[in-house]
Amino acid sequence: ALGELMAASALLAATLKMNGALVMQIQSTGTLKLLVVECTTITGEALKMRATAKWSDEINDEQDLFELVEHAQFMITLDPKEGGQAYQGIVPLEGSSISAALENYMLRSEQIDTRIFLSCDGDSAAGMLIQKLPETMNQLTLDRDEDTWARVGHLASTVTDDELLHLPTETLLTRLFHQEDVRLFEPTATEFFCSCSRDSVSNMLRMLGDEEILSIIEERGNIEVNCDFCNALYNFDKVDAAQLLVSEATVVSPSAKIH
4 ALGELMAASA LLAATLKMNG ALVMQIQSTG TLKLLVVECT TITGEALKMR ATAKWSDEIN
64 DEQDLFELVE HAQFMITLDP KEGGQAYQGI VPLEGSSISA ALENYMLRSE QIDTRIFLSC
124 DGDSAAGMLI QKLPETMNQL TLDRDEDTWA RVGHLASTVT DDELLHLPTE TLLTRLFHQE
184 DVRLFEPTAT EFFCSCSRDS VSNMLRMLGD EEILSIIEER GNIEVNCDFC NALYNFDKVD
244 AAQLLVSEAT VVSPSAKIH
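Residue numbers (my numbering): 4 to 262.
No wet-lab data here; the hints were simulated from the structure.
Think of the CB as a built atom: it goes at the ideal place given N, C-alpha and C, for glycine as much as any other residue.
Each hint should be verified, as a subset may be incorrect.
Unchecked claim - Restraint-style ranges between C-beta atoms, simulated for each label pair:
#1 Thr161 - Gly98: 34 to 42 Å
#2 Pro171 - Glu73: 23 to 31 Å
#3 Ala192 - Leu236: 50 to 58 Å
#4 Glu194 - Lys57: 18 to 26 Å
#5 Ser203 - Gln88: 17 to 25 Å
#6 Ser100 - Thr151: 35 to 43 Å
#7 Thr34 - Pro95: 13 to 21 Å
#8 Ser160 - Pro190: 18 to 26 Å
#9 Arg209 - Glu65: 40 to 48 Å
#10 Leu19 - Trp58: 23 to 31 Å
#11 Pro171 - Arg223: 21 to 29 Å
#12 Ser203 - Pro95: 29 to 37 Å
#13 Thr34 - Gln182: 40 to 48 Å
Said to hold, decoys possible - Listed below are the simulated DMTMM-like cross-link pairs for lysine to aspartate or glutamate, each with C-alpha atoms no more than 20 Å apart in a straight line:
#14 Lys36 - Glu61
#15 Lys57 - Glu73
#16 Lys51 - Asp231
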């Protein structure tokens, strides 16, 4: 499921006309607690991705996503890099697959007809996204658009997991839509990237407050924090903890200036 969600995130992020982050989340009260994928887009650069999953009991590869979730919600967050207004859409996780859940989200939250096909074999993930362009007011054009949308959706639904995962893009599209004019744009590379840092972890710890920080140090002798995305380990001993408290005191000092 996480692999399919990563493929879906990359596809949607590629449609964005902004620099910033797209975050997809599935939250649940069941065995599978959380799936998160974050994609960051910057014009002219590779699509940067990171992802994580959290669960409470043992799960196996044979179990379906919808067997592992209860009262699940599907969320998409858009966070523009240039200080624009962040946006979040939330809908119940409905359907029998990640594809169906995303199609439902796009229709209910964005009012966009969408078909998405996803596949993951444990080693790689792939997907195909089809969206209907905004309609015109011309009735003849509307009828033609409906016919085209129905035909394209039918042809796309014949794609197999093996084709998605292993065929070159041009071969796949030509095979599916051999009666159409297929035009390919330059591909966008993807790469893993985690934005965690010691500074960001320090800021997170400061939010716990002096009392909690001192309590952990007294009990354990140090504070260890693992990044859920890249598994980087950040260790803070007594000296580091004291610096956190000093920094916090500096921030809240009456003479301190906040910009």
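Hints violated by the structure (listed by number, smallest first) | Violated: hints 1, 2, 3, 6, 11.
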